[in-house]
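K.L.:
Going down the list, the sequences are from chains A and B.
First residue of the first sequence? That's 0 in numbering that gives the first Met the number 0, and the numbers climb one at a time after it.
First residue of the second sequence? That's 0 in numbering that gives the first Met the number 0, and the numbers climb one at a time after it.
To be clear, the hints were calculated from the coordinates, so they are not data collected in a lab.
Please note that the accuracy of each hint is not assured.
The list makes no distinction among identical chains, and a pair is therefore deemed to hold if it is satisfied within one copy or across any two copies.
Stated by the list, open to error - Okay, derived cross-link-like pairs now, BS3-like style, lysine-lysine, Cα gap no bigger than 27 Å in a straight line:
hint	residue 1	residue 2
1	Lys50	Lys119
2	Lys168	Lys10
3	Lys155	Lys42
4	Lys119	Lys326
5	Lys69	Lys151
6	Lys69	Lys300
7	Lys48	Lys1
8	Lys50	Lys1
9	Lys361	Lys69
10	Lys84	Lys155
11	Lys347	Lys300
12	Lys326	Lys361
13	Lys300	Lys363
Protein chains: 2
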Amino acid sequence: MKNFDFYNPVKILFGEGKMDQLPMEIPANAVILMTYGGGSIKKNGVYDKVKQSLAGYKLLEFGGIEANPKYETLMRAVELARTEKVTFLLAVGGGSVLDGTKFISAAINYAGDPWEILAKRGAVIENVVPIGSVLTLAATGSEMNSGGVISKLETKEKLAFGSPLLFPKFSILDPTVTYSLPVTQIANGVVDAFIHVTEQYLTFPEAAPLQDRFAEGILQTLVEIGPQALINPLSYDLRANLMWSATMALNGLLSCGVTTDWATHMIGHELTAFFGLDHGVTLAIVLPALLREAAEEKREKLLQYGARVWGITVGTEDRRIEETIQKTESFFRSLGIKTKLSEHGVTKDQIVPIVERLADRKWKLGERRSITPERVERILLACF
Amino acid sequence: MKNFDFYNPVKILFGEGKMDQLPMEIPANAVILMTYGGGSIKKNGVYDKVKQSLAGYKLLEFGGIEANPKYETLMRAVELARTEKVTFLLAVGGGSVLDGTKFISAAINYAGDPWEILAKRGAVIENVVPIGSVLTLAATGSEMNSGGVISKLETKEKLAFGSPLLFPKFSILDPTVTYSLPVTQIANGVVDAFIHVTEQYLTFPEAAPLQDRFAEGILQTLVEIGPQALINPLSYDLRANLMWSATMALNGLLSCGVTTDWATHMIGHELTAFFGLDHGVTLAIVLPALLREAAEEKREKLLQYGARVWGITVGTEDRRIEETIQKTESFFRSLGIKTKLSEHGVTKDQIVPIVERLADRKWKLGERRSITPERVERILLACF
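Chain A with its partners taken away, still in its complex shape:
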């Protein structure tokens, strides 16, 4: 096991009715900016509940944070927060609203050009505005971590950032607010959580059996409950377990003491930036192709994953690995997700600029930094 630090001070308030605790978690004299997305919270009652709970506060709002939140949009919220001297940010939404709000938090008092937070390695984030969240979608895990991913329209970039200062002070996870979500968003959330786990687990053995077991536990749970959660939108327990699984998938626990991959995400981000595909969908497209390309590097873990999560224990190693990858892709497809770029109207010539950009950046991806731009090209061609 490698050395590691683990620190996660997010207070999780989990369950039906937990929104009532909001006023206990925010300082009484706070000037709150409530951030949200496209307005679904106005339809499902969450918006009204938050407003009710916070009736005693000075409460401003900023709606319209889009999926794959845009730098351009968020900078308008930063302006508003600066003008109104906002002292607390309350993100009400899914991962995009949360990620966007973390960026707003970091940008409000940032000394230089806030774009540096995304573009400059080692940009110093300090003096953030505290964040709380009311989660409305189980997927990204942003509610219990300190990172985010932001897109820039102008340059088609999608870039990650983070700081230990950006952990939410609290996150309210009420599974009932996910009842009204479209099936596609639930499906994308299952895939997102699933692949957050594989990024930290499907690498190489590193003498960390407990982290392996935890990772497998989340995968097994998602396999068990994911398809059911789609067709039983009003099952509290299914939605609750999905929510908790997604949170645990990316709160820092699985990566303790091990080397992580994240190549699927890096390639997936490009597919979103270029073709506007949903984040979860891009992951479901890339992962099977990446696992085949990197099967040699990931051999031991693929065999272990196949045996423990899919019960695949018979046949040659190569056969078991191929069967494991097929099972994985079938699982995504069983959730209604199209796992080929061609099914999303993308043509092979359209991937050229992605490969060129990765070559320019000289990125070497994966847990061994062995996924070169040439191999990314092979992976992307295998997504058709």
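Starting from the known structure of chain A, fit chain B onto it as the hints suggest.
P.N.:
Frame of chain A; chain B shown alone:
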């Protein structure tokens, strides 16, 4: 799943050499009281390393905190801390030193008689002195939680306490410091961690499949590595995984959304208080007898535990449950632990005062509050 709050702000610094980070974690002007136990840290070099790391600080020390730390001993440390105006407590040791230091932290500024912290339900703990820890033994999980257990010599009582204010600010987990521990302490630690898990897991199904998987993951890991860790004292990975498993076994994660048991601990505490038996040993004695007594209440979970942890899937339910309990007891015995009270020189007539005290207290134990004093008597009689 039940509603729950989860909050655990302990910063874990894990790995060989992490003690070097001590000065980064303690305020520069702190007056530190270093607490420790019987002096093994002076033999294995930990004492010197801590002193070296903290050369720039005003550093006082209080040694001699015993296993099952005594109220009487701890109150002497409280006096010292008050006199010297200590502003930071550094616990260097195992669970007893950590638990004891949490009590010292709570008692220093406590408004009334500090005994109330242990004896009075609802005693208000506020204004604690911050704690950090250097863990030297994997067992209790105290390094990443906010509770403790303290004994009172005078009245043979062993009582639990806790407060969210008592989370250590940080805990340093360096597996190499456990290399020199006696085999019995490693064995007791494995059992302690194992039974922390069963207390939160072997109850009744509550639609919390992920918590089940995490619990099973820790148990599987302990079964795999426990016996090896005993006979390979210098294996970094074995000791590291044992340490991380013990920490994860009682940091609040497993009990999220589920009802917990703790009857084995409550009964075990009495065995320690009356007969001076090691904590881990008392748990290994009580658990098999308790599982047989409560087999009906725990039926579904016992079957699941048997199947997933021990691979027991064939035979009638009753047969599988009995085999599962036997496997569990054999596991403890394989660690060199004697699981019968008679093996520790206790006679049947000696358990009478324990049963009488529990009857006086009118305690009903277990996840269903169904373990009455009469059933405790049956359980204890089955420990011979």
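K.L.:
If a hint holds in the structure, say so; if it does not, say that too.
P.N.:
Status of each hint after checking the structure:
In this homomeric assembly, Lys50 and Lys119 never come within 27 Å of each other (Cα to Cα): the closest approach is 37 Å inside a single copy and 40 Å across copies. Both within a single protomer and between protomers do Lys168 and Lys10 lie at most 27 Å apart by alpha-carbon distance, with minima of 6 Å and 16 Å respectively. Within a single copy, Lys155 and Lys42 get their C-alpha atoms no closer than 31 Å, and across copies no closer than 60 Å, so neither meets the 27 Å cut-off. In this homomeric assembly, Lys119 and Lys326 never come within 27 Å of each other (Cα to Cα): the closest approach is 39 Å inside a single copy and 56 Å across copies.
For the identical chains of this complex, Lys69 and Lys151 are intra-copy neighbours only, at 5 Å inside a copy versus 61 Å across copies, given an alpha-carbon limit of 27 Å. Proximity of Lys69 to Lys300 under the C-alpha cut-off of 27 Å is found in neither arrangement, the shortest distances being 36 Å within a copy and 48 Å between copies. With identical chains, the CA atoms of Lys48 and Lys1 are at most 27 Å apart between copies only, with a shortest distance of 21 Å across copies and 45 Å within one. For a Cα distance limit of 27 Å, the shortest separation of Lys50 from Lys1 across copies, 26 Å, qualifies, whereas the shortest one inside one copy, 46 Å, does not.
Taking the shortest Cα distances, Lys361 and Lys69 sit within 27 Å of each other inside one copy (25 Å), while across copies they are farther apart (61 Å). Proximity of Lys84 and Lys155 under a CA criterion of 27 Å is satisfied in neither setting, with 31 Å inside one chain copy and 58 Å between copies. Neither within a single protomer nor between protomers do Lys347 and Lys300 lie at most 27 Å apart by alpha-carbon distance, with minima of 31 Å and 52 Å respectively. When the C-alpha separation of Lys326 and Lys361 is checked against a cutoff of 27 Å, the pair qualifies neither within a copy, at 33 Å, nor between copies, at 54 Å.
Taking identical chains as interchangeable, the C-alpha atoms of Lys300 and Lys363 lie at most 27 Å apart only when both belong to the same chain, with a minimum of 21 Å there against 46 Å between chains.
Of the hints listed earlier, those the structure fails to meet are numbers 1, 3, 4, 6, 10, 11, 12, in rising order.
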